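Visitor: We have chain S; now place chain C onto it with these hints.
Next come the chains, spelled out residue by residue.
Protein chains: 2
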Amino acid sequence: MTKWVYAFGGGVAEGDAAMAELLGGKGANLAEMASLGLPVPPGFTLTTQVCAFFFGHGQTFPEDLRPAVETALGKIEDSIGAGFGDAKNPLLVSVRSGGRASMPGMMDTVLNLGLNEETLAGLAAAGGDQRFAWDSYRRFIQMYGGVVLGLDHDRFEELLAFAKEDAGYGFDTDMTAEDWRELVGEYKDLVAAELGSPFPDDPLEQLWGALGAVFKSWMNPRAITYRAIHAIPEDWGTAVNVQAMVFGNMGDDCATGVAFTRDPATGENTLYGEFLVNAQGEDVVAGIRTPQPLSSAARQANGGAKPALEECLPEVYAELGGVCETLERHYRDMQDIEFTVQKGRLWMLQTRTGKRTAAAAIRIAVEMVGEGLIDEKIAVSRVAPQSLDQLLHPTIAPDAERKVLVTGLPASPGAASGGIVFSADDAEARAARGENVILVRVETSPDDIHGMHAARGIVTARGGMTSHAAVVARGMGRACVAGAGALDIDAAAGTMSVAGVTLNTGDVITIDGATGEVMAGALAMVSPELTAEFSTLMGWADKFRRLGVRANAETPADVKAAADFGAEGIGLARTEHMFFDEARIKAVREMIMAETEEARRAALTRIQPMQEADFEEIFRLMAGLPVTIRLLDPPLHEFLPSTDDEFAKLAAETGTTPEAVKRRAAALHETNPMLGHRGCRLGITYPEIYEMQARAIFNAAAKVNKERPGTACPEVMIPLIATRAEFDRLKPMIDRAAADAMAAAGISFDYLVGTMIELPRAALLAGDIAESAAFFSFGTNDLTQTTFGLSRDDSARFLETYRRQGIFEADPFVSIDVAGVGELVRMAVDRGRAARPGIKLGICGEHGGDPASIEFFEAVGLDYVSCSPYRVPVARLAAAQAALGAVAKPD
Amino acid sequence: MTKWVYAFGGGVAEGDAAMAELLGGKGANLAEMASLGLPVPPGFTLTTQVCAFFFGHGQTFPEDLRPAVETALGKIEDSIGAGFGDAKNPLLVSVRSGGRASMPGMMDTVLNLGLNEETLAGLAAAGGDQRFAWDSYRRFIQMYGGVVLGLDHDRFEELLAFAKEDAGYGFDTDMTAEDWRELVGEYKDLVAAELGSPFPDDPLEQLWGALGAVFKSWMNPRAITYRAIHAIPEDWGTAVNVQAMVFGNMGDDCATGVAFTRDPATGENTLYGEFLVNAQGEDVVAGIRTPQPLSSAARQANGGAKPALEECLPEVYAELGGVCETLERHYRDMQDIEFTVQKGRLWMLQTRTGKRTAAAAIRIAVEMVGEGLIDEKIAVSRVAPQSLDQLLHPTIAPDAERKVLVTGLPASPGAASGGIVFSADDAEARAARGENVILVRVETSPDDIHGMHAARGIVTARGGMTSHAAVVARGMGRACVAGAGALDIDAAAGTMSVAGVTLNTGDVITIDGATGEVMAGALAMVSPELTAEFSTLMGWADKFRRLGVRANAETPADVKAAADFGAEGIGLARTEHMFFDEARIKAVREMIMAETEEARRAALTRIQPMQEADFEEIFRLMAGLPVTIRLLDPPLHEFLPSTDDEFAKLAAETGTTPEAVKRRAAALHETNPMLGHRGCRLGITYPEIYEMQARAIFNAAAKVNKERPGTACPEVMIPLIATRAEFDRLKPMIDRAAADAMAAAGISFDYLVGTMIELPRAALLAGDIAESAAFFSFGTNDLTQTTFGLSRDDSARFLETYRRQGIFEADPFVSIDVAGVGELVRMAVDRGRAARPGIKLGICGEHGGDPASIEFFEAVGLDYVSCSPYRVPVARLAAAQAALGAVAKPD
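Sequences listed follow chains S and C, in order. Each residue of the first sequence is one higher than the one before, starting from 125 at the first, in my numbering. Each residue of the second sequence is one higher than the one before, starting from 125 at the first, in my numbering.
A hint or two may mislead.
The list makes no distinction among identical chains, and a pair is therefore deemed to hold if it is satisfied within one copy or across any two copies.
[What the hints assert, rightly or not] Mimicking DSSO-like on lysine-lysine, the simulated pairs with C-alpha atoms at most 30 Å apart in a straight line are:
| hint | residue 1 | residue 2 |
| --- | --- | --- |
| 1 | K786 | K773 |
| 2 | K855 | K340 |
| 3 | K430 | K288 |
| 4 | K199 | K340 |
Read the hints as simulated data drawn from the structure, not as lab findings. Every value quoted in this text rests on a predicted model; they were computed, and no experiment measured them.
Chain S with its partners taken away, still in its complex shape (with noise of 0.2 Å):
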């Protein structure tokens, strides 16, 4: 027989914290609470089969549901010695739902069930005030009527707001016990009426109504939409909590009040919190009365005039001391709960593990260790890895207000403020002057890096999160904002608008590139800080990692992060970014316009010696850690210019005509880019290209490594291989170019050569690409756009549509798609050490810095993540956490 019904109470309990699939969350922990010994109010609650049984059956419960209630109700009544519906000593329940995971506010509560106009005077007698008890009446009736009876809550509250008129009160408190009472008439006379009976006054019969009323509110659209949103399945039902009522409103020797055991801010090992004396819970949270503080010295601090809990309820505050004590002890991590003091009796209502920030979070884990509470692994996985990102970048104050102008795609987080600029060139003469900057721009182009790196932040119009402005913000750790397609921008006349604002140059905006915000003026920052605790933890979290962990950067300023955020090599350098550079573009832009091998190769040849300069400094940093290398990837077009203006320009430049410029852009035109001209298939059709970056990567590995041996670790890395021929056909050229140049230096050094797995063709062949490659490097980003035939860049406007209507639980291109793309890098993975046993593997994809992407490349046994400098430390920590088993989910 199945068991429905789990009492707790009086310092036993049938259910444990273990048990929250079966009791939910709220319901599990108030049994743990109450085995402990802990001051529970004594209850039971329904389970979650329960509610399964209810829906499963036309909305009706078990049979045996009944018997197994009043059981249950009547432990409570001898817990507390009090009768349901007894008039002399009634016994009031609340009775609320709680399922496995928190859904707060979603669904419905009632509480003070149990009264009617006999028990009401029990509840007088025993709070001693008429007053209190019709208030409680009249609240309970409201509330049920609106949650049981289905009634429009709006109605209930009119007739309040009648009576206080026609009495000419201003608040609830004007109302007196007479007043209350006449308007406990008013509400049951409007119940009557609606319904045409009674209100009820039977108390089993307002329980039955509560539970029914209370399972159904888990299917209100409200908890359907937080559901789809927060993927909680539907079949996971809720519980029904049944409690005794204990009421911190019965005089000023009653409180109610909410605590974290340490401070959920900054992680102190103190009892932190808030109450109200003489309140019911929901005062504390609606904000009509300031609370008071727990303790003395939060008070003192505070300057706050009211006394501290410690004050006013030295016992009670002690004993709450010694609760929070007994509940991290048992729970062994930060606690938040509720509480209620009647009539100067302590009483738990809830606990749960707190929320606390990424700062707090990393010192209480790490202190916990200190304490004897925990071990190392524990704390390791007790971090959100996502959350470091509050600690690496600049954040906007939590309190700090936000006037949004207008949201777009978080591109590259942190936070930001200074005056829009709107183009490269004014962003850099004003940060010159030591001004901070925005930058503001339709798009980003090549011709902009100077005045990305001037600006503080970046914000654009147009393009997602692999366009330009996203992919370099990233890499240089600029906070960027990318298309906020609402923003119009008129960079000629130095404005931009949105929703009727009108933003000039030099106008100050903050945003948040963790949120995609735009907020008009200077909002308050909190500086990163790296905390002693911060590398403690770390420290334990690459003890326990099996990934490596190494970044993708290629600028000098960038590997440099990468090191200092710990990078163990660089997983992608692209080289292409240094073609970007202002004194190559030019360079560069020659090479494409070239019509013959001959004209192409003579201004390679001017681009090799910058090449090799830029390898040797990154050898020399890197210091004998490997170094991936990308041979050059994007489309040529991407280095031309698109206005007539820059076609004029680059046609004096390179002594050609604007319109043999625009023709050559014309021709290299693309329907679709991102499966064009580009990657391998430029090394095959202009071998020239890759022979010069080759020779630039082995001349300057060969210059380093005859100084210092074992500094330069070259790993070069061909990409869009899509079949096995293409890597063969490219393969010896690179070798050749590694021969010559040991030749010339007269020493001998390892590398190795392998290819990007980015296309489905190549993670199906993988076992073929393997004989001929050393490595692989999981691209996942353009994996998951020809995997999902979904281009990062346009899909913004559907995505959205597809998260809300729960199509995508999360965006593939944030979270690996376990299903599809997954099961690709499993197959590349298993094919590629079948054929070539040892193969080096790892991904450089945006992936590699997301947790729950870590979680998977450590199941699929990657050897290694590469991301952006600034989530090495992220993918570290996920990395610990993959290893472990636990990885910790961000509130």
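Guide: For chain C alone, kept in the frame of chain S given last:
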């Protein structure tokens, strides 16, 4: 012990025709002919294993090869009664390569081997002619000097030229025996001077030199290139045939010729061929002398002056006829033979299956069944499906001279001549006046449809095999050359220029849509003719095939054509093609311009009746056959114009401003439209569009089925599904439209709702998707694009390089990539069937009409293929061959 050498001749042979892998095609057939007792000059074959040994061992021969060769040489001597190196009665031999696959002219040959100044005397005595003997000797030295000794062929030709000049001769025939003798001396001096050693006199030394040289020629650059182009594996190697020389140039009782056992152009069962009296085989090929026909009848038909073989050597002619009959009865196929008559005696030098036109292939196959030579299955396997294209479209006469102006992509087969026009309106106007026109455009758009229909053919300067022009032309059966990039089109001036030639409006050109060639002037055409034999053969094909064959069609003309060509349903009706009609595009554009769902619905309401009428007509035409209708697929911007003039026009039509139109077009612009907001993504973001289409489909079906039950069998197909959730979101809407239409009509009929599988993710998740989808249709065009990450429109500029370098053996957009795309198809088939046994599986990409791909689709067990109407017969035949396990490749 490996057997390296296989002898043949004198009515016996150690090999046979089945041993082509070991003996090469020529050697195997020589052995077979010898076994049949046909007059084959005796000889022996060095196997392809010798070749493998040779290249595997530093170009040396196996030790036991020498005795085997000498034994085989002895057999020739015995058979022919002559001695190798015998001064009186010398045996001369030819040394020829002969691989598994024919590689005409790519490798080296040495003739007359065995000659020296001694044996020459014996040859002169046997042939009765000193001049012949010295000529033979100098030919041998020249050939041997070039092939074996590596001397420059031109050096010998120079000496010959000087000799003729000195003597004042015009032709080689003027040279006397003494002249040749003197030249032989000069040749030998040249060899001695160049090599520092005399020309070898020892026949055995000559033989081993020749054997090594001919094997080596397997790896000469010509041969390597040829193999790369024709996908012949290098490790096949070549065999080498050593065979007693016979001479057709020993006098007027000698001759040499080639023959086909049936007419290779028409298939008529008559001995067909030509010969030369007193000539060597190379003289027939060289084309210096005009060959004579074999039969009197052929001579009379040609009005030739010189006698036929039947007339000048009647006994030989009779014997040749007998040989041909023997060969045909033996090989059961039309043979292409080479023969030589030496002193009145017929010798067979080669036989192989003869190449033939499509018409001939069909006639021969059908007639051979009548003659009891082959059965119907073999007849069906004898015709290369691709070759049917010749019969279904007009083609350029084989003997027409092609002055090619420019070559583009062979976008739609058939040939057409006409005056050039540069606008669709002009095309329509001139066609209405009865002129034949070719529409020449930079690229076509939906606005050009009426002009494309009016034109005989279409040429575009831009766009690939799936460009608008190509797709529409194939659908209409119009010849089309697309992407002829070298064309400079000035539509305003009414000119097109290429390579210095400028043509004006009205100038006549001819295009060949099967080769991509554009030629000046009107070339002679051959009209398509579907013979009784064609019908017979297709009837047999239908009997043997398992795969169903449907057509991709949506216009009434195309649907009718599809039915006429034997389509068993429509596999792909592209609803967007219906949108391009001039009467509709306006409403479509209004729908796209609509800013609100309401406005969009209003426009859709106007489109719906038109779509209903379309579907009604298709259902009626297909009368009971299934019709798969794909809901809107292309991104909306494809329907918008792109020039300022058109923006203005559209603004006027839709009552808005040109700026608004431009803004909407810009807002819809996509970086990678192939991966953009299209397919079911449109259906999910604008459900009203798919809803309209579903209602149109089912209203039409209900109407038609009410009149005549069973007429309409709609299969609604949702494009671009990547995840089951998309399908599940859209299917209920379609079911609702079906239910509503049936309820309104008071009838009920069957229909299916299924999906395209055209994204790698859909293939991977096919098991999941099949839970919801009743059928899959593989969209192999897009699946190839996404699996390879390769835009068909943009790949032209590097695909040619890929093909040339052997990176792609075949264009993956023409023949399905079995290893990559094919694996996804196979996975989807397996997973789909596992989840839904009996799921209907088809393919509607362009590969549906490609025989090699059809072979694969048969192997994975699809239910049907669907292709453009004009490919339906090709697909029917290919499907039959695939079922029979014998797909005929084109010559």
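Visitor: Quick one: which hint numbers does this structure break? Sort them smallest to largest.
Guide: Going through the list in order, the structure violates no hint and respects every one.
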